[in-house]
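Assemble the complex: chain A is given as a structure, and chain B must be docked to it using the hints.
Each chain is listed here by its residues.
2 protein chains.
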Amino acid sequence: MEKLLRINMSAEGGPAAVAVPVGEYAGLGGRALTSAVVSKEVPPLAHPLGEDNKLVIAPGMLSGTIAAMSGRCSVGGKSPLTGGIKESNSGGQASQVLARLGYAAIILEGRPKENDLYKVFINKDGVKITRDNSLKMLGNYDLVEKMKCEYGDKIACMSIGPAGEMKMCAATVAFTDMELRPTRHAGRGGLGAVMGSKGVKVIVLDDAGMSARAPKDVEKFRAANKAFVDGLKKHPVTGEGLPAFGTNILANVINEAGAYPTHNFLWGRFIGTSKISGETEAELEKARGGNPTHGCHRGCVIRCSGIFHDKDGHYLTKQPEYETVWAHGANCGIDDIDEIAVMDRLDDDYGLDTIEMGATIGVAMEAGIAKFGDAQAAINLIKEVGKGSPLGRILGNGAGMTGRAFGVERVPVVKNQALPAYDPRAIQGMGVTYATSTMGGDHTAGYAVATNILKVGGYVDPLKPEGQIELSRNLQIATAAIDSTGMCLFIAFAVMDQPETFQALLDLLSAFYGIGMTGDDVTALGKKVLKWERDFNAQAGLTKAHDRLPEFFRKELLPPHNVTFQVSDAELDSVFDW
Amino acid sequence: MEKLLRINMSAEGGPAAVAVPVGEYAGLGGRALTSAVVSKEVPPLAHPLGEDNKLVIAPGMLSGTIAAMSGRCSVGGKSPLTGGIKESNSGGQASQVLARLGYAAIILEGRPKENDLYKVFINKDGVKITRDNSLKMLGNYDLVEKMKCEYGDKIACMSIGPAGEMKMCAATVAFTDMELRPTRHAGRGGLGAVMGSKGVKVIVLDDAGMSARAPKDVEKFRAANKAFVDGLKKHPVTGEGLPAFGTNILANVINEAGAYPTHNFLWGRFIGTSKISGETEAELEKARGGNPTHGCHRGCVIRCSGIFHDKDGHYLTKQPEYETVWAHGANCGIDDIDEIAVMDRLDDDYGLDTIEMGATIGVAMEAGIAKFGDAQAAINLIKEVGKGSPLGRILGNGAGMTGRAFGVERVPVVKNQALPAYDPRAIQGMGVTYATSTMGGDHTAGYAVATNILKVGGYVDPLKPEGQIELSRNLQIATAAIDSTGMCLFIAFAVMDQPETFQALLDLLSAFYGIGMTGDDVTALGKKVLKWERDFNAQAGLTKAHDRLPEFFRKELLPPHNVTFQVSDAELDSVFDW
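Residue numbers (the working numbering), protein chains in the order written: chain A, 2 to 579; chain B, 2 to 579.
Treat each hint with caution, since some may be false.
As the list claims (entries may be wrong) - Where chain A lies over chain B, by a calculated footprint (3+ residues, C-beta under 8 angstroms):
(1) 163-169
(2) 387-394
(3) 405-411
The set of hints was computed from the structure by calculation and includes no laboratory data. Remember, it's a predicted structure, so these values are computed and weren't measured experimentally. The beta carbon of each residue, even a glycine, is placed where N, CA and C say it ideally should be.
The shape of chain A in the complex, shown without the other chains (with noise of 0.2 angstroms):
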């Protein structure tokens, strides 16, 4: 990873690539790379979609070796969606790929004079831009299908759908898994269009003839690493409860909460949860050939992702997560997990956000536009979006759009990105997160919930505003450097939990990079992160006035606890003094 591979979509004769010296961002990874690139390179007022733009792809520090849970993969840039900068990470094989490429990033610079569309192949040899119009609008399922028959099926594809194409704000970057299939994603700010409005439809990545990253100390990196697995295994969360059940093992626990988002952020329990639980969904899983037990990339010991049948045994989507689950299920009042795990496979062909669909298609129910509980209804709103027609252009440019254009007030976004599945007055500290984020409403950018609710790291009571302050901050300080490594952030159960797993994973940096990471080494890269991204946003025009909750969380009681958000707004504006 001692390159960076620049494509410049503007260049005099077509896109033209230079692979130059990593320079100055030597040693960054994943998100500290991604957010280093854009708050130096674009300038804060640029057009999300205009040439100045970039589309920073980074694997994590870490990625490329043979380090556990190294394969996620930071997309980076200006949001169309919020405006801000934007890190969006995804699973799948690509990340792995790239840095055993031995690129620490590739970085899509300037846009095509015409509306053309472009795929980017790269292997050991180098890279190669072909213009294929023949690509326009595939879905990323037959995208992807079409990359097999030209490069083999030892490849790795990051792609855009339609929504990329129509330069969507819901727009993702999609991702190929172990079974190649474009099923993990860059889901959140709209990076898909960010690469749209780039014209390259896909980018494939070959890594035959690569081997595995070399650590500085072998000896140290192995034993840290099967230190680093066993603690993971040995966590109720990482060992038991993903494993078995997937991310979505969280609905009954979200929902005995009263924390879990139903009718639009109406109420806080729904009352179908039981037929769309983890529980349910690896157990129709099982019945018909599917698999709930499954890694999204080579080098998972996790396995929380999996495989879903539809009710004939066929493959019909990924195991819908429990984000995608609550938003097309529970925040739309919807109980029926094959028409949930449909809208997942829609999303993931058209390269769609499923949170910001689901918060998307609550708005439109509360607008009247269907009813709530209609799948039926849900599904075809989606397909409306792959058509891009009127009414899709306005879903798929996500739930503040869709609000402002049917003039509803009760929109659950933070700086224009929809909420996730779990209600801020029941979880608070999830409140400070969402609200202060450099990212918009984003769970996983301090993700409270580990203390809240599941215990994790101490506890906080989650209806409270005492001790939500520091622990969204420190969490989004350790968030911020995880998301630097290329580790998956569901390490951080045990990591939070178990010194020794943490640990390991200093161990690992250490070993690699040949120097001594200390924790406090660990804050000091989340720190410098989250500064780089509030320099970017507030010269962006992003002010603690952005740093907000819609009022109808301050005003509205959240059933069953009848809580409202409760840290003031002064707190909140000390989420980084520190």
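Same frame as chain A, but now just chain B:
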């Protein structure tokens, strides 16, 4: 004007009106009053369509007197379009009538719990609020006819069309003119949507039994008014150009200056200008029995408004204004004045801002939704808005949303409000006003065209950055004051060029209120208003990043002068340093 009429739409048992003393707002009128109330009473982070926003309707300080030109009425609130404070003022009859009824302002507060529509009738005996869902989705023309049947033809109406009911960001508050037609509009910033969110369809005013407001010093007031009128009549702009040809006399002038934006701000001259110029328009009106020289309210001596008949000699709409003819004409490549007049009529009927709509259709044409020059397609797009179809929901929410929905980068908005009919590259003082006004893209907020092009109040070269900051600053201050008096902004031509006419304005204010008003007092008033507005906007999250033109104005050369916008960001940030 010693009382405020507060109408609480949330009151138990239904909307309730109460007249209260003007109190701390005494002595304020027009924009000074709307901005004072909004900045003191509306939480800056309130949802514009929520119960905490207020719609403030305030006659000017001299409205309801016999002073010429004093018929402007300010409407204020938090704008759903810009997210900042908004004052939009209108001609028509209501300002005089409301002032004579003794109200310094009507303040609509709260929001009805049910989706009901109300009419408000105000006369000398008090206020009557009636639920009337039979008015739903009526166009302004039919609505006013209905009000005439109910209340007679001595009334003045302020109303919303379907766009306001649908809470669209381009929705206006319509004001009836002397012929009791809904042709004058508080057009900008979506205040019609705020009125719609309050459930108020129409406010009907009847000042029978009331008389003109009495000045403290009657003789001095009369003398000042005479001097004021003499000054207006002798200035070439207010005494000749505007009466003869209306506002659209500017079309040839601005086109000649190379500042007439065409094809969505691609070029600075339009080949079809002569077909849609004020001269052509006036000739046509005379030939068809319309009237190019006509006032929009009693007491107007400039008489720049007019009446437009169709080919069969029947009334179609008021004389389309310069901004409208540009927006629906040159900006969209359309050179047919009859088709433009049809669009003007539709906008007035639906209650839509013609500037926002024309700019929006320009963006839609850039997106390929219709072809530049296709008038019938443009008319159909406006009809989509009236229908509230999904496409209409996009367009009715303005150029910003339309650009986002269709992934267009060249979107001529500042603070999400569409730019009017002067390219900021060829009239750089106008660019400073667009960028920095508290109102978003707005020409009236500091009309630098006067000095850059018309050489009123001196001359500053329009193509160079030098001197534009000071020009825009002084104009913005003066405008904020004039907008508070109830005076039509067009008095500024005479006031800027003729010291004795400015003195006559001061004398009018002094004689009416029994004070000694000086030029410094006017400046102080303007600065005070701007400070309230800037403070509100800052708390609402608007920063210097929002005081910028879209980047294409800095990057693309505008023919025929081949200029870009040259005023630096640092200079823009100095506009309010006084």
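Hints versus structure:
Restraint check on the stretch 163-169 of chain B versus chain A: 3 residues with Cβ-Cβ distances below 8 angstroms, three needed, restraint holds. Counting residues of the stretch 387-394 of chain B whose CB falls under 8 angstroms from any CB of chain A gives 4; the rule of at least 3 is met. Counting residues of the stretch 405-411 of chain B whose beta carbon lies closer than 8 angstroms to any beta carbon of chain A gives 5, which meets the minimum of three for the stated coverage.
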